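> Residues per chain, in single letters:
Number of protein chains: 6
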Amino acid sequence: MADKLLKLGIPAGSLQEATAELFRKAGYNIKFSSRSYFPSIDDDEIECLSIRAQEMARYVQQGILDAGITGHDWVVETGADVHEVCELVFSKVSRRPVRWVLAVPNDSDIKSVKDLEGKRIATEAVGLTKMYLEKHGVNADVEFSWGATEVKPPRLVDAIVEVTETGSSLRANNLRIVDEVLESTTRLIANKNAFEDDWKAQKLNNIALMLQSCLAAEGKVGLMLNVRRSDLQKVLEGLPALQQPTVSNLSDPDWVAINTILDESVVRAIIPALREAGATGIVEFPINKIID
Amino acid sequence: MADKLLKLGIPAGSLQEATAELFRKAGYNIKFSSRSYFPSIDDDEIECLSIRAQEMARYVQQGILDAGITGHDWVVETGADVHEVCELVFSKVSRRPVRWVLAVPNDSDIKSVKDLEGKRIATEAVGLTKMYLEKHGVNADVEFSWGATEVKPPRLVDAIVEVTETGSSLRANNLRIVDEVLESTTRLIANKNAFEDDWKAQKLNNIALMLQSCLAAEGKVGLMLNVRRSDLQKVLEGLPALQQPTVSNLSDPDWVAINTILDESVVRAIIPALREAGATGIVEFPINKIID
Amino acid sequence: MADKLLKLGIPAGSLQEATAELFRKAGYNIKFSSRSYFPSIDDDEIECLSIRAQEMARYVQQGILDAGITGHDWVVETGADVHEVCELVFSKVSRRPVRWVLAVPNDSDIKSVKDLEGKRIATEAVGLTKMYLEKHGVNADVEFSWGATEVKPPRLVDAIVEVTETGSSLRANNLRIVDEVLESTTRLIANKNAFEDDWKAQKLNNIALMLQSCLAAEGKVGLMLNVRRSDLQKVLEGLPALQQPTVSNLSDPDWVAINTILDESVVRAIIPALREAGATGIVEFPINKIID
Amino acid sequence: MADKLLKLGIPAGSLQEATAELFRKAGYNIKFSSRSYFPSIDDDEIECLSIRAQEMARYVQQGILDAGITGHDWVVETGADVHEVCELVFSKVSRRPVRWVLAVPNDSDIKSVKDLEGKRIATEAVGLTKMYLEKHGVNADVEFSWGATEVKPPRLVDAIVEVTETGSSLRANNLRIVDEVLESTTRLIANKNAFEDDWKAQKLNNIALMLQSCLAAEGKVGLMLNVRRSDLQKVLEGLPALQQPTVSNLSDPDWVAINTILDESVVRAIIPALREAGATGIVEFPINKIID
Amino acid sequence: MADKLLKLGIPAGSLQEATAELFRKAGYNIKFSSRSYFPSIDDDEIECLSIRAQEMARYVQQGILDAGITGHDWVVETGADVHEVCELVFSKVSRRPVRWVLAVPNDSDIKSVKDLEGKRIATEAVGLTKMYLEKHGVNADVEFSWGATEVKPPRLVDAIVEVTETGSSLRANNLRIVDEVLESTTRLIANKNAFEDDWKAQKLNNIALMLQSCLAAEGKVGLMLNVRRSDLQKVLEGLPALQQPTVSNLSDPDWVAINTILDESVVRAIIPALREAGATGIVEFPINKIID
Amino acid sequence: MADKLLKLGIPAGSLQEATAELFRKAGYNIKFSSRSYFPSIDDDEIECLSIRAQEMARYVQQGILDAGITGHDWVVETGADVHEVCELVFSKVSRRPVRWVLAVPNDSDIKSVKDLEGKRIATEAVGLTKMYLEKHGVNADVEFSWGATEVKPPRLVDAIVEVTETGSSLRANNLRIVDEVLESTTRLIANKNAFEDDWKAQKLNNIALMLQSCLAAEGKVGLMLNVRRSDLQKVLEGLPALQQPTVSNLSDPDWVAINTILDESVVRAIIPALREAGATGIVEFPINKIID
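Heads up: the sequence lines are chains W, V, D, F, Z and U, in that order. Just so you know, we're using the UniProt record's numbering here: the first sequence kicks off at 1 and counts up by one. Just so you know, we're using the UniProt record's numbering here: the second sequence kicks off at 1 and counts up by one. Just so you know, we're using the UniProt record's numbering here: the third sequence kicks off at 1 and counts up by one. Just so you know, we're using the UniProt record's numbering here: the fourth sequence kicks off at 1 and counts up by one. Just so you know, we're using the UniProt record's numbering here: the fifth sequence kicks off at 1 and counts up by one. Just so you know, we're using the UniProt record's numbering here: the sixth sequence kicks off at 1 and counts up by one.
Misleading hints may appear alongside valid ones.
Which copy? The list can't say, so a pair holds if one copy fits it or any two copies do.
Claimed, not checked - Okay, derived cross-link-like pairs now, DSS-like style, lysine-lysine, Cα gap no bigger than 30 Å in a straight line:
1) K25 with K234
2) K192 with K135
3) K130 with K119
4) K7 with K119
5) K192 with K119
6) K234 with K4
7) K111 with K135
Read the hints as simulated data drawn from the structure, not as lab findings. Since the structure is predicted, the reported quantities are computational estimates derived from the model, not experimental observations.
The task is simple: from the sequences and hints, build the whole structure.
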C-alpha cells in the first residue's frame, strides 16, 4: 500500500464542512471524529489529515502531506513552494472569492498605501502584509492580530489588512477600503515531488475532475421539452450556448425532444421565450454533476 | 430606469418565508434584511417592499406599489379595487386555502347567522364580518380582536369570525363552526393603472408563469421507463392524462422509452400496473418546474 | 370497508421517523399525533397503529394487526409465528443490519459461549439469549436489563447480550465481542391468516414493491451522456451491469444518448473512464425510485 | 364562593412571562395552559383570565373582569374609566417605562406636531394618536398599522406614533423623535364598582402590597457587618438612608452587629468606605422582598 | 479504604438530574461521565454507581451496592428485602408522589378491580400488578409493556396499570382511573447487612440528614423584621409555628428583631398582617437548608 | 473628565462572559455590543475596551489601556512590563488555574525537556516556549500553531506546549505530560505610570476589593443557629476558623444566636456535629460577597 496512498489535507475550521460537503457530492464520504485528526474516507487509497487552512501549505511543502485543500491567501502568506492542481471556483453567492484589503477609519487621512509610512497595522496575515508593503516601498509596523481585527482602528492601530467577502463587517465598524491586497479562492495544492509520481498525479487529477463537475453543476438545472421539428431551429436559437443541447427523435416523426442544461438564473427569462417559440411539456429537473 | 421598475410588495410575517421560497424556486433570489423593508432581489427591474399581508391591498390600490402578494381575504377586508393577476394554488397539504368561519361555543344556542342579532362578535377581520352580517340583514356588535380570538367565547363574546385551516384550534377551544364566511387563497394582485402599462403587465405575467410552473411541479415527479413497442399501447393506457407522455425511439428498434410527469400520490398505484403491463427499467426522478 | 382495510403496525420509537420517511418516499403520507396511537395515512384502505417494535410481532400474530414493520430480532425474541412479506434492505451506512452480540470485559476469562456456564448475563432480549444458551447447552442466569446494559460488566454481571451497529459503544466500555447471537434487519411481517386473503396479500405486495423501489434508489444516481455511435460499444463496456442502459437515437444520426443508473459510490471511478472513452455532455441527476 | 372571587386579567403576549414571574416572587403560582385562557393560580379566591394587554382595560371597565394588569398606554388608548390600584414600578433596566413617540425620517421637514397638518400617520395606537393631535389642534390622517410601523416612513407614511424603550429601533430605521406622546408604565387596574366591594378592595390592596414588595427588592441586597461600639456612629453615617439599619447587641458588649438593605449599585462604593470606617465581617446576601 | 467505602447507587434516567441536584444542594458534587457508570463524587468515602431506578433495589439487596436512591414502587415491584433509611419528601409541585393506578377506557364496563377477571392488562410493573390482583383474588393476563402503555386500551388491552402524577396523560387518552394500586415516593434504601455496620449506618444517616435539610428548605424563605417590644406578643401570635422565631435584642432597648422561617406560600397572607401588627423593616430572604 | 477616566481592558473570547459575570456580581453592569469594541459600563469613570486576552498586556504596557484583565500566561508570553494589581483566584472547579505543559505522544522517547534538542514543537505560546527552552539550554524548532495543537504529534511535530485544565484532552489524544511550563491564573494588571496616579490606583484597588469579595463568597454559605449559652463554647469549637462567628444576645437571656460563614463543602460535615452539640434552628442561607 505504501506507493498507493495519497496523504490529503482537509482544512479544519470554517472550510471543513464546505469541503466535506463538496467531497460528498463528488462521491467521497469523509467522516470526522472529535478525537482524531485523521478523518475517515471511503477510499482506501486516500488518507485524510485534518489541518488548519493556515498551516496546510507548510505541511504540503514539507512533504508531510501529498496534497491539500486551502486558500490561495495562505499559500502566499506562508510563501510555500507547492503545485496548484486546480482552482475550486464556487459559483454560489456565499462562496465568492475572499479579498484581503487594506482598511482604515472612514475619517482617516490615509488615502493610499503610501500614507502608511511609519504607521501601525494589525493583521492575521503578517507575511502577506509585509510583502505588500515591501512591493510599495513602505515602512510600517505590522503586528499580529489574534482576531476581531476590524474593531482595532483607530484606537489600537492606524490601519488593518483583513479578509472580507461583502465588506459589511468593515462598514459596520466605520472602516473604508483603501486598497485590495490579494484576492483569494480555494485551491487543491500538491507537493511538487508527489505530483511527479504518475499514480498520485492521476489520482489528484481525477479528484479535481469530480470536484469541478460538482461545482459546475451548482446553480444549474436540466430542462427537457418537446418541439415540432418545424419549430426546432427557433427553439434552439433561444437556448444559451452553455452546453450543446441533446435533440432526440420521438416515435412521432414530426416531433423531437430537447434536453439541455441551463443556469438557474436564466431559466426565468428563457422559459417564457421557449413557450412562445412552440415548446411544450417543458420540465425543469435538478442535476448533481456536469462534465462537458 | 423610471419606466422599467416594478414595485412589488412581499408579505411580511407568516407568509414571508413561503413567498421567498416560491420565488427562489422560480429563479428569483430575495434577501431580507432585519434593518430595512426593502428586501433585495436579483432582478434590476423589480423593487421589493416588505409589507404586512393585511395592508398590501391598500398600498397596491393607492399605487404606492405596482403589485403584491397577499391573501384574497385581506383584499376583501379592505375593499380594495385591484387587478388580480393570478391565483397561486398550492397543492401541498400545508398550503390549503384558509377559511374564515363563524364559530360559537359547542353548547351555544346560536345555530345560524340569523341568531347573531344583538350579539357580540370578536374578529381580526372587522370589515369582512360587517359585510357578512349586512348581507344577511343581521345587526350585531363587532369588536376588533388583537389575537387569541378563539379563547374568547363564551366569557368575553358570543361568537367569533376567525381564520382556520384544519379547524383543530377551534375544536380544542370547544367551538363549533356555524357558517363559512369566506374561503381565501394567495393572490398576485396589481394596481389597475400599472397593469395597463404593457411592460408591467408583461413582467407580471412572466412572474406569474414562473410561480405557477413551480406550484404545478409541487407534489409531482418524473417517470422514465422502457417498453417493447408491442406493449406500448397497453402501457400508455395505464398512464393518467396529466401531460402527454414523451415516447422516444431507442437504438434497438423493438423498444421505446417513455418519459412522463405524474402526481406523486398516484405513483404508488401506477407503478405496479406499469410493471404488470411490461414496463422495465422504471425510474422516478424529482422535478422543479413544469409548463404545459 | 370491513373487508378492505389493512391494519398496519408502524414501529414507535427509534424506527418511527425512518419508517415514516420511507413510506413518504414511497408515496404514503403518515402523520403522527402526540395524543393518539392511530397515525393518519393518506390511503383509506390502510389503518395505521403505532406500536413498539418489541411488541409488534406479538400483536401481528394475535391478529390485532394484519401486518407491521419490525426488526427480525424482535420476531425471534417473541417467538411469534408470522409471515415475512419482505426484508427491507437499507443500503445506507447508517442503516446497516444490527447485530446482537455476546460481549464480556476485555480482560474476562470468558472466551466462548461455553464459558458462560453458571454466569450472570444481562440483556434486553431475554428470550433470544435463552434460546442461544439452550442451543449451546449452557446454563446461566439471564436477567432483564432496563437499559445501559453495556456499563454493567464486570461489576453487576459477567456478560451481556446487546445490540450493536458499529461496536463503538462496546469498545468505549472496554467490552470484547465473544460471539454473534443474531444479525437482524427490518422486515414487513403479516399475520398468516391475513396473508391468505387475496386483497390483503396484493395490498401488502404492492406496499413492499414501493418500499423496495425507494430502498433500491438510495445511494444511486442517474447518468445521461451523449456518444458517437462509433464509440458506443467502448462506452457501454465501461458501465457496470446494474441496469440495462437505455440507448436512444438523436436527431444527428451519428450520435446516440445513453441514460443509465449507477451506484453513487462508483461514479467517481466511472466518469473519468467514460470521458476517456469519448462520452460528452455527461450529466448526473438524482433519482427517487427504481424498479427493474 | 360567588362573593369571594376576584376575576383578574393577566396580560397575554410579551408581558405574560414577566407578570407571572412577578406573581411567583410574590407567592402566587400562576400556570398557563396552551389550551385555555384560564391560567390556574394557587389561590381559590382568584380566577385568572389571560387577555391581551390592549383589550384589558375594555374588559375591566365592562366588569367582565374585576381587575387586571396592563400598561397605562392601553388604558388611555381605549379611554376606559377604571380605578388604578397601583403603579408597578420596575427598577431593572429592562423594565423601564415605555414611551410612545412621534417620529419622522431624519431628513423630514416635520419639526413639531404642528407640521403634521394634512399628513399621513401610521400607528398601532389610533385612539392615543387622535387625542394627541386634537390636543394640538392638528388635522391629519391616522391609519392603523398591523406592525413593523417603524419601516413605513417615508415611503408609506409621513410620520409614525410608535412605542420605544431605548430608541434603537427608531435610529436603525433613520427616524428622529419629534415629540413624546405618552410615557407609560404597568398598572394594576380595577373595575370601579368592584373596588367599592370591601373584600375585593382588601384583596387587591394585599396583592398590590406583595407585588410592590418584590419590585422594591429588585436590585437590592442585604448587608450584615460587625463593628466596635466606638466606631458605630462613623459606620452608620456611611450608610445611605434607604432603610433604618438594624443594630443588635452581640455577646461581646464592645461590639454590635448591623444589618441593612442597600441598592446593589451603591454597594461597590459603600463597602470600601465601611471597611475604612472599621466594619469587619462584611457579608452581602440576597433578598426577595422588602416592606418598609 | 476497604472498610470505609460506601457503595451508593444513583438512579440513571429521569431521576438522575433531580438526584444530582439534591446532592449538590446538600454539599456533594456528583459528576456524570458519558463513558462510565461510576459518577465521580467529591467524598472519598463514597463510590457512586449509576443504575436504573428499576434495578436499584435488586442490586442493593444482593449487596453489590450498600445503598441507593430509588422509588418505593420499584422496591415493591422487585420484592427486594432492603432497609429504608429515609423517605425523601419533596414539597415542590413537580415532585409530588407518583401513583400507580388501574385505568380503563372512559366507556369501559370495568368499574372495579373485580371486573378484571379474565381480562388483559398491560403494564411496566408486572410484579406490582400481579400482587395487586392476587390481593383482590382476581385472575387476569398481565403483559409487560415496553412503553406508551396509555395508548393501548381498548384496542390492544382491556386495562392498564400505569404511573401518573397529574392524570393528564390518562385523560388525554380517554382513560378513567378505577383504583389506586400504589402511591410511591423516592427513598434512600440500604442493604440490611451494610446498615448493621456502624460506620456505614452513621454515614447514611448523615447523608439523609443533609438531603432532608435541603428538602425541608424547598418552598421556604427567611423573614427578618423589627418590632417594638410592646408589639412583640402581637407579632409573634401572627407567625405560624413552623419553627420557633429567634428574637434578638437591638441596641435600642425598646426594639427587638425577629428572624424566622416561613412557607413561601403563606408569606403573601402573613406580611400584610405583620405590618398591621406593627412590624417594620420586613425583609424576606432565600435559604438553602433548615435543620430543626 | 480627562483625569478621572480609567481605561479598562475586558478580555474578549472565552474569558468575556466569566469576566462580565464577575463584574456584575461586584456591582458593575457591563454590556457588550456586537458592533463595537467599547462595551458600556454603568460607571462614568470607567471606559471599557474589549480586547483579546493574548493582546491585553501589550496594550496595557503601551498605555493605550490603564488596566486590564488577562491571564498571567499572556503577560509572560508577551514579556510585558506591567503592574499586577491582584490575582483573581476562583474557587470553583471550573475556574482552576490553567497549566501550560510540555506533552509528547505516550510512546515517545522524550522523557524530559533535555530530550527536545533538535526536535520540532508546536504551540500557541511561542514566546513562553522559547523562554522555557532557553532556561534549560535546549535548542529546538518552535512553530506557531493556529489551533488543534494536541492532534499534531507525532505526525506533524515531536512535542507540543499546550494549555490544559484537567488534562483530559491530552489523554484523549494519547499524549503524556513531560513537564509543567507555567501555571497561570487570571490577573488584574495596570500600566505602571497609570498606577502612580493616586486616583487611578485607588479606583483599581476598589475594583480589586469588590471582585475579590465576590470570589471569596463563591462556594461559601451563611449559617445561622441558636444555642443555649451553656452550649455556646462547645458549638463554637465545632466551627472552622474561616471567619469570626457573630454571637448575638437573644431576648431570652439563656440563649444566643450565632451567624457565621462556611465553605459549602464542609457544611455537610459540620451540621451533624453542630446539632449533636446542641444547636437548634439551623438555617443555611446564600451569600453574595464577603470582606473580612
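> Work down the list of hints and note, for each, if the structure agrees.
Hints versus structure:
1. In this homomeric assembly, K25 and K234 come within 30 Å of each other (Cα to Cα) only across copies, at 27 Å, whereas the closest approach inside a single copy is 36 Å.
2. Taking the closest pair of Cα atoms, K192 and K135 come within 30 Å of each other only inside a single copy of the chain (27 Å); across copies the shortest separation is 39 Å, beyond that limit.
3. In this assembly of identical chains, K130 and K119 lie within 30 Å of each other by CA distance both inside one copy and across copies; the values are 13 Å within and 29 Å between.
4. For the homomeric pair K7 and K119, the shortest alpha-carbon distance between copies (23 Å) is at most 30 Å, but the shortest distance inside one copy (43 Å) is not.
5. Taking the shortest alpha-carbon separations for K192 and K119, only the inter-copy value of 25 Å comes in at or below 30 Å, while the best intra-copy value is 39 Å.
6. In this assembly of identical chains, K234 and K4 lie within 30 Å of each other by CA distance solely across copies; the values are 27 Å between and 53 Å within a copy.
7. For a Cα distance limit of 30 Å, the shortest separation of K111 from K135 inside one copy, 17 Å, qualifies, whereas the shortest one across copies, 47 Å, does not.
Hint compliance for this structure: every hint is met.
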